[in-house]
Amino acid sequence: RGKGFSGRGRNSVRGSENFGPSEGQIGNAPHDTYWAAMRQIYENCFALLPPGGHIILVVKGHVRNKTYVDRPAQTAQLLETVGFRLLHWHRAWLISQVAQYRLDGGEDRKETKSFFRRLQERKGLPKIDFEVVLCTERS
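My numbering numbers the first residue of the sequence shown as 1 and each following residue consecutively.
It is worth saying that the hints were derived from the structure and are not from the lab. Errors might be hidden in some of the hints.
[To be verified] Computed beta-carbon distance windows for the label pairs:
| # | residue 1 | residue 2 | range |
| --- | --- | --- | --- |
| 1 | 23 | 109 | 34 to 42 Å |
| 2 | 123 | 80 | 32 to 40 Å |
| 3 | 58 | 125 | 15 to 23 Å |
| 4 | 121 | 40 | 31 to 39 Å |
| 5 | 34 | 127 | 31 to 39 Å |
| 6 | 108 | 47 | 46 to 54 Å |
| 7 | 31 | 129 | 19 to 27 Å |
| 8 | 44 | 88 | 19 to 27 Å |
| 9 | 111 | 47 | 37 to 45 Å |
| 10 | 44 | 66 | 28 to 36 Å |
| 11 | 95 | 36 | 15 to 23 Å |
| 12 | 135 | 24 | 27 to 35 Å |
| 13 | 43 | 95 | 32 to 40 Å |
| 14 | 66 | 23 | 24 to 32 Å |
[Said to hold, decoys possible] Derived SDA-like pairs (lysine to any residue); straight-line CA-CA distance at most 20 Å:
| # | residue 1 | residue 2 |
| --- | --- | --- |
| 15 | 127 | 58 |
| 16 | 113 | 96 |
| 17 | 60 | 74 |
These figures come from a predicted structure and were not determined experimentally. Yeah, the Cβ is synthetic: ideal placement off N, Cα and C, and Gly gets one too.
When you get a sec, could you build the whole thing from the sequences and use the hints?
Written as structure tokens, this is what we have:
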């Protein structure tokens, strides 16, 4: 279950999303409904935060119809449209950047992906090896 709670300070906005099977999960909404809802959320955050206030999001792309959908770039564009300024774009890797080399010349890398994501990649669908941390500031 997703939890919303306030962070430090009276103008903090902090929460977490959980795309479960229950009704009303934005992440499960049709494409247009999802973006309309997210725009409304970001506009409300913009209205709440003082100039210089920050929103930091962790966003991951996904695969639709065997094609990678760059949700981090789409989210960054929406935030800028609402009035936020993108400060930083960080990749949070889901695979180890350090390989452990085997005696047979191969290498192993630890992955922290879901079972279903690994299964899709074995079937040839695009790999998603990172999440993106978007750091933005209210202008």
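Verification of the supplied hints:
no.	hint	in the structure
1	23 / 109: 34 to 42 Å	39 Å, holds
2	123 / 80: 32 to 40 Å	35 Å, holds
3	58 / 125: 15 to 23 Å	22 Å, holds
4	121 / 40: 31 to 39 Å	34 Å, holds
5	34 / 127: 31 to 39 Å	23 Å, violated
6	108 / 47: 46 to 54 Å	49 Å, holds
7	31 / 129: 19 to 27 Å	24 Å, holds
8	44 / 88: 19 to 27 Å	23 Å, holds
9	111 / 47: 37 to 45 Å	40 Å, holds
10	44 / 66: 28 to 36 Å	35 Å, holds
11	95 / 36: 15 to 23 Å	34 Å, violated
12	135 / 24: 27 to 35 Å	28 Å, holds
13	43 / 95: 32 to 40 Å	35 Å, holds
14	66 / 23: 24 to 32 Å	29 Å, holds
15	127 / 58	18 Å, holds
16	113 / 96	11 Å, holds
17	60 / 74	11 Å, holds
When the structure is compared with the earlier hints, violations turn up for hints 5, 11 and for no others.
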